[in-house]
Amino acid sequence: MSQWSQVQQLEIKFLEQVDQFYDDNFPMEIRHLLAQWIESQDWEAAANNEAMAMILLQNLIIQVDEQLDRVSQEKNLLLIHNLKRVRKLLQGKYHGNPMHIAVIISNCLREERRILAAASMPVQGPLEKSLQNSVVSERQRNVEHKVSAIKNSAQMTDQDVKYLEDLQEEFDFRYKTIQSLEQNDKNSALIKQEMLALQAMLNTLDYKRKEVLSKIGRVIHEIDVLMSNMLTEELLDWKRRQQIACIGGPLHGGLDQLQNCFTLLAESLFQVRRQLEKLDELLTRLTYDGDPIPVQRPQLLEKVNFLLYNLFRNSFVVERQPCMPTHPQRPMVLKTLIQFTVKLRLLIKLPELNYQIRVKATIDKNVSTVSNRRFVLCGTHVKAMNMDESANGSLSVEFRHLQPKEMKTSAGSKGNEGPHMVTEELHSISFETQVCLYGLTINLETSSLPVVMISNVSQLPNAWASIIWYNLSTNDPQNLSFFNNPPAATLSQLLEVLSWQFSSYVGRGLNSEQLNMLAEKLMGQQVSYNDYQLSWAKFCKEHLPGKSFTFWIWLEAILDLIKKHILPLWIDGYIMGFVSKEKERILLKDKTPGTFLLRFSESNLGGITFTWVDQLENGDVTFHSVEPYNKGRLSALPFADILRDYKVIMADNVPENPLKYLYPDIPKDKAFGKHYSCQPNEVSKPSDGGGKGYVPSVFIPVSKIFNDSTEPHSPSDLLPMSPSVYAVLREHLSPTAIETAVS
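Residue numbers for the sequence shown follow the UniProt record's numbering, so the first one is 1 and each next one is one higher.
Any given hint could turn out to be false.
To be verified - Below, a list of computed lysine-lysine pairs in the DSSO-like style, where the Cα atoms sit at most 27 angstroms apart:
1) 547 x 583
2) 631 x 674
3) 521 x 541
4) 674 x 660
5) 563 x 538
6) 670 x 563
7) 278 x 146
8) 563 x 583
9) 208 x 239
10) 631 x 591
11) 581 x 521
12) 631 x 583
13) 383 x 303
14) 215 x 88
15) 215 x 278
Since the hints were made in silico from the structure, they are not lab data.
Generate coordinates for the entire structure from the input sequences, incorporating the hints supplied.
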């Protein structure tokens, strides 16, 4: 079943999450129509390879054209219209930057896998639950409603100002008409009556001026209250969701909604500013004793300018945190002399600002870090914000060619510190610009979340652990001295984040049983871990009992093993993985002989083993575990083929495959058959010949087990057997005869 088919079977609450990240950047109808093809491409690799991304983009357009031809024959007008729109989008938006569409599709597929993993979990984690708080959703709706109401109020006040202007023009005309009369004419009864009417009109003008100023004051107050409370909370919540998404959590949405709110508020404030300017213009043409404009207007204008300054300062955000394209799922870890990308957005989207704002990037500006290491940014570090590069037309700028370079210290050499100290140093990428608009000049600054600088990829695992711990533990965006005294983390939240590492990086999260095993490994005992506090040292610095590595390095090696060698088996859910030897035997002891399970080695880094249950002649149950397979051995032989071809030689020297059923009772070939590299009866015969006159060979893993041994044994070296020989044997001999011949 395709991933998209699984997504469509989710409950409505999960489908709503899927709906949030499909938009005009990557329309859902394309995901639906091209599901199988999209899932069969390596979008993650293309996100880091422009040539590959361009090929995939061209192939995607070809696929869309084929669908367009099909629906044209079916005369489906709506789908024809949508597909033409999508084709235009793909050619127009991504032709100059094909890696962008690869990043988008890769993120969508990753988020689908994360949601599928979350849907399979019996209980939602505490962090994810807090991000989907109904109170937060209600506040989002309230903010949008209030912003819309404020915009309407400002527009209504525009009409009041226009009415006031018309009234004053009429008064001005009638007053000047009387003033132009001769003195004798002014004493007539008709003129006196007109003067009384003018006085009444002046009273009305005074009332309307006070009314307009009052309405303007109310609009300003409503904006002030909204910005100080709900909008600020919304922005902080978005930044927190971004932190969580950076460490593998749910993709954060809501920035477009925030942009809409910020833009409408800015438009409303500029509208109010124009209304105050119009009142000043009216004041120069007419004033009188008790005129409210010269008293109230300066205070209101000062408040409007103050709100505009704050609104612009808060609107300058880092939309996508610094990330090396070579490691898209490890943001905020930067390697010296390796390019990274970072994207900024101004949430106030005004056409007048397009290409008018130049942003400058710097590193560690005005901050003191915890080490003597200093860096500079090489590459294009000044760019203009525009609305053309982003697929959604936002006012943004993306730096794609920045490189951090370490400067030499005063002693003439680079900083020399231990590996943990290097990966616990936090640095900051800062951005500054200036907005000049309608007579206002506003200086803007913002910073990325703290980043870790490494000089060697071997430092990447510990650097990523630092990023996880920081963003899990604090929502402070600039606490660069965090690791001087890192706080403990709640184990339940940490386990949730660890599950995210698996769902985001290798497509399937961890279930409650797997998380329980990790909790026991961290705590060393089996107790409730809901309120347990885990120290940073225990997570990443202290070696596991009796081992030469830390918990995190052990887990990171497993992630790397899955990603590179056993990914399809992991995604299918056939690898139990995290289970202790004791629990393993409890699970297998009552099962049919030949039942086996797959688990990760606790004693070796990046190793996977399998254990099966057997029954002795006297009825006793025995267990056998093979020596863990590491990435070196799995590079030579796919793990699914190992499970298919594995043999053991008992005391009577008859080799046989002891692996019959994957725990609990799934026939082995049913579980792994689709992952076999080839079926035994499909291999070439001797007459087919091998390359350059050689007969091709195949490796078959074999172990030897002695009847008097109760301990697990290691497999022997892989024994070669030609595929052609194996095929002939299957044609002419029974399985028993084959095993005898092999022995």
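### Message
Run through the hints listed earlier and report the numbers of any the structure violates, in increasing order.
### Response
9, 10, 13, 14
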